[in-house]
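Kindly generate the complete structure, drawing on both the sequences and the hints.
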Amino acid sequence: MKMNKFDYLPVRGIGWKYDLPGVGELPERKWSLEDVEPAPNQLDENYIELSTRTISVRGVGVLIGSITLVVGVWLSLWVFYDMLVAFSEGKGGRLDFLFMILGFAMAWSFIPYVKLDFVLPRDEPIRFNRLRRKIYVYRYRFDRFYVFSRIRWGVKPVVYNWDDLTAEVYRFYAPGCGGLIENVMLSVRNPITDQVIDRFIFTHDLYQGEAYWAIARLFMQQGPEALPKFVHPPRDWNDDDGLSPMHRLAPKVRWPTEIDLESRSAPATNDVR
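No gaps in the numbering here: position 192 of the sequence shown is 194 in the working numbering, and each next residue is one more.
For the record, the hints were derived by calculation from the structure and aren't laboratory data. Remember, predicted model here, so these are calculated numbers, not experimental data.
No more than 30 Å apart at the CA atoms, straight line, and that leaves these computed lysine-lysine pairs for DSSO-like:
#, residue 1, residue 2
1, K231, K254
2, K254, K136
3, K158, K254
4, K19, K158
5, K117, K254
6, K136, K231
7, K136, K158
8, K158, K117
9, K136, K19
Here are the in silico distance ranges between beta carbons for each label pair:
#, residue 1, residue 2, range
10, R14, D242, 39 to 45 Å
11, Q223, V161, 15 to 21 Å
12, R173, P269, 34 to 40 Å
13, V72, G24, 46 to 52 Å
14, I113, L263, 34 to 40 Å
15, L79, L11, 38 to 44 Å
16, E27, A107, 44 to 50 Å
17, G244, G24, 32 to 38 Å
18, D241, L79, 42 to 48 Å
Cβ coordinates follow ideal geometry from the N, Cα and C atoms, glycine included.
Here it is, written out as structure tokens:
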């Protein structure tokens, strides 16, 4: 598919600090990998599946968003009523109208976050297929401006070449949230133009991101034998046991049949180049 210049993303996103080692570099044993949590969801000779999610804590968007939504709507209705009274007395002004618009805008801006808490899948896993040298991302797309669009919201799995990946560390200062937030993102580059065509969250924690990236590289380079025996058992996110109420309300992970089969299998002999 031909892409125009508007389809590409910035080479570095806002908050970028540095890149983790490349896909071809051997992982250094600077940290313990066996106690990473959550452990890989699934692992065999062909692929490894790691857990990812767009938001780190479920329920916060519903709580804060609902309160803001109620306050915004109440403020707008109160100003609207006050404006009608003022107009009936010949005292109406533009300031009331601006406050009403501000209230609705505040309420509308939080609707996407409330919706995300309900519609995001329980997990958004990434499968790394060693023999195909591809990754399969259970990607949930959403658009904050088109809140009720069925086309712009929903699970749309994507497939990328392993060699086109870059793991990027981002750092943000957020007073009230511990002061420092460190995320690890995966970016995908066009191998011909070296332009970034996609970027998505890998982990919400730097330690977990470094560990996951080291695990993925070890598996893709050397196979499952190179990985340690993980302390924590694998997690089936479709199982309600142990999940929070918000996670239980979330949709289960349902890979499309064709992608599910491809991501878990080795290529046919005539497909190997």
